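Chemist: Using the hints, position chain Z with the ligands against chain B.
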Amino acid sequence: MREDNILTVDDLSVSYGKFNAVQNVSFSVRRGEIFGLLGPNGAGKTSTLSAVEGLLKPQGGTILVDGNDAVAKPLHARASLGVQLQSTSFQTELYVIEVLRLYAGIYGVPMRKADLLGILREINLEDQAMKKFGELSGGQQQRVSLVIATIHNPKLVLLDEPTTGLDPQSRRQLWERIEAIRDKGHAVLITTHSMEEAESVCDRIAIIDHGRVIAIDTPQAMVDKHCNDPEVIAVSRRGRVTLEDVFIALTGKAVRG
Amino acid sequence: METSIPKTSTVLKTLLRADFTTQWRNRRATILTLVVPVIILATWKVMIPHTGGPFVLSNSIVIGLIAIGLMGYSNSIARDRDKGIFQRLRVAPISAWSIMASRLTVQIAMILAVTTAVFIVGNSYDKVSLSPAGYLVTYFTAVVGGVLYLSLGQMIVGRIKNPETVNATVRLVYFLFIMGGMMGQFVDSPEVKQIVQWSPYGTVRTILAFGMEPSKWNNNASIALLVTLGYAVVCAVLGIKWFKWNTK
Ligand SMILES: Nc1ncnc2c1ncn2[C@@H]1O[C@H](COP(=O)(O)OP(=O)(O)OP(=O)(O)O)[C@@H](O)[C@H]1O
Ligand SMILES: [Mg+2]
Chain B
1 MREDNILTVD DLSVSYGKFN AVQNVSFSVR RGEIFGLLGP NGAGKTSTLS
51 AVEGLLKPQG GTILVDGNDA VAKPLHARAS LGVQLQSTSF QTELYVIEVL
101 RLYAGIYGVP MRKADLLGIL REINLEDQAM KKFGELSGGQ QQRVSLVIAT
151 IHNPKLVLLD EPTTGLDPQS RRQLWERIEA IRDKGHAVLI TTHSMEEAES
201 VCDRIAIIDH GRVIAIDTPQ AMVDKHCNDP EVIAVSRRGR VTLEDVFIAL
251 TGKAVRG
Chain Z
1001 METSIPKTST VLKTLLRADF TTQWRNRRAT ILTLVVPVII LATWKVMIPH
1051 TGGPFVLSNS IVIGLIAIGL MGYSNSIARD RDKGIFQRLR VAPISAWSIM
1101 ASRLTVQIAM ILAVTTAVFI VGNSYDKVSL SPAGYLVTYF TAVVGGVLYL
1151 SLGQMIVGRI KNPETVNATV RLVYFLFIMG GMMGQFVDSP EVKQIVQWSP
1201 YGTVRTILAF GMEPSKWNNN ASIALLVTLG YAVVCAVLGI KWFKWNTK
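Each protein sequence line maps, in turn, to chains B and Z. Each step along the first sequence adds one to the number in our numbering, with nothing skipped, and position 128 is 128. Each step along the second sequence adds one to the number in our numbering, with nothing skipped, and position 12 is 1012.
Excised from the complex, chain B in its bound form (with noise of 0.2 Å):
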């Protein structure tokens, strides 16, 4: 019996000591769908994340990953998910070829070198394959992250902003990637600041803010929902009410510390 979600999360709180960072949020990610989670900065975005990917031991709740329970069948969830991380590194002394390579085996996918001068090729970075990691601008170290994020073939690949620091070029055949992620019936949860970006690519998105979901829809519908309130209005900008204008209407205009 196949679930029509690949991913459900269930009344989930983390937190940082006493700091509560996510209270009782609950979602789900839907095969062969594109899933984002906006929300300010420090809104609980990358906390989310993490105790999906098994990083950080939810307070409360439950996270089901392709069935398997993510607390309690860690290796289980972690092996349907490709995962790139907001802030991380591969080791800087091993050659981009070799970064490919460590990841493809410990997904249990072991490549020989054609097939990772291959995968090089389809980023356009096969020239680099022969540079040390930290050799590469950031950009490409981005495009190297994401793309071991889909080395596996996964069922869901989680995202956290993977299109800051990219440029336009990349950035569109990110999501062409993502889409063929889609295309294939595998799902994509996505973080993201840029709202263009959440209403071209992402079926659904998810506002979170102090870290509680308020609000859950697709990017149209949200805008058609809320483009009448007054709050929404006075922010908008040249007559016209965009996905931007709704969320900083529901997320309030403050700066975030």
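I should point out that these hints are in silico values taken from the structure, not numbers from a laboratory. Just so we're clear, the structure is a prediction, and the values are computed from it rather than from any experiment. Among these hints, one or two may not hold up.
[Said to hold, decoys possible] In silico lysine-lysine, DSS-like type, Cα no more than 30 Å apart, as pairs: (1) K1007/Z <-> K132/B; (2) K1083/Z <-> K1241/Z; (3) K1241/Z <-> K73/B.
Modeler: Below, chain Z with the ligands without anything else, positioned relative to chain B:
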């Protein structure tokens, strides 16, 4: 379709390959761990007629083992943790112990390499040669001693997160071992000698020296071995208990 977890053997093989490559790329730093042991072999040669070869060789190996556990292991763990390298590995479907097992295997290989280097220089320059059993037992005692300093290194990265602070601390501890442990042996005071003998420096040196002449292995050596294991277990338990995979 049931998701399958990668085979442990594939995971370990892949991790080992990456960790050995990293160690190889850092070979300059690795060679530095040999500097003090070689200096001991070179300058203490004159003492061999009085102290015997094993005394000099064992001091040389101890200093090498301390450098591996503290400077090599602690620093690399602290640095990689700070960069988030462990966090990325940990979201893969592999167990935490496999990440550490691979790291430690590289260090055990380093222990064997340093011991071999001391054997070679000790043989060619200091003209100290051991029986086959002596070499064999010394490799074993070197691993036991090396594990103690690795555990100590683990304890330091368990307590301290900032890689610069870890680096400063391990240098200080290394210096203390040289001044207190190594030099302490030459202080003309029975109390100091006693303390040094049962310190984490002295017990390892004792088991190394007796390992080089297994026929002379006595009760004292057995107690030193037990004390070494005791130190190692205490440090390892605390080091693992305190250890956090991230610095945030
Ligand atoms: N390791 C930590 N220790 C203590 N507090 C933390 C830790 N990590 C995150 N926090 C706090 O938890 C809250 C949520 O952080 P989180 O990283 O999940 O936010 P985010 O939504 O990903 O933000 P951003 O858009 O800036 O990436 C913040 O208030 C943050 O200060
Ligand atoms: Mg974040």
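Chemist: Indicate, hint by hint, whether the structure satisfies it.
Modeler: Hint by hint, here is what the structure shows:
1. K1007/Z <-> K132/B: Holds, because 28 Å separates the two Cα atoms, which is no more than 30 Å.
2. K1083/Z <-> K1241/Z: 21 Å, holds
3. K1241/Z <-> K73/B: Cα-Cα ~22 Å, so holds.
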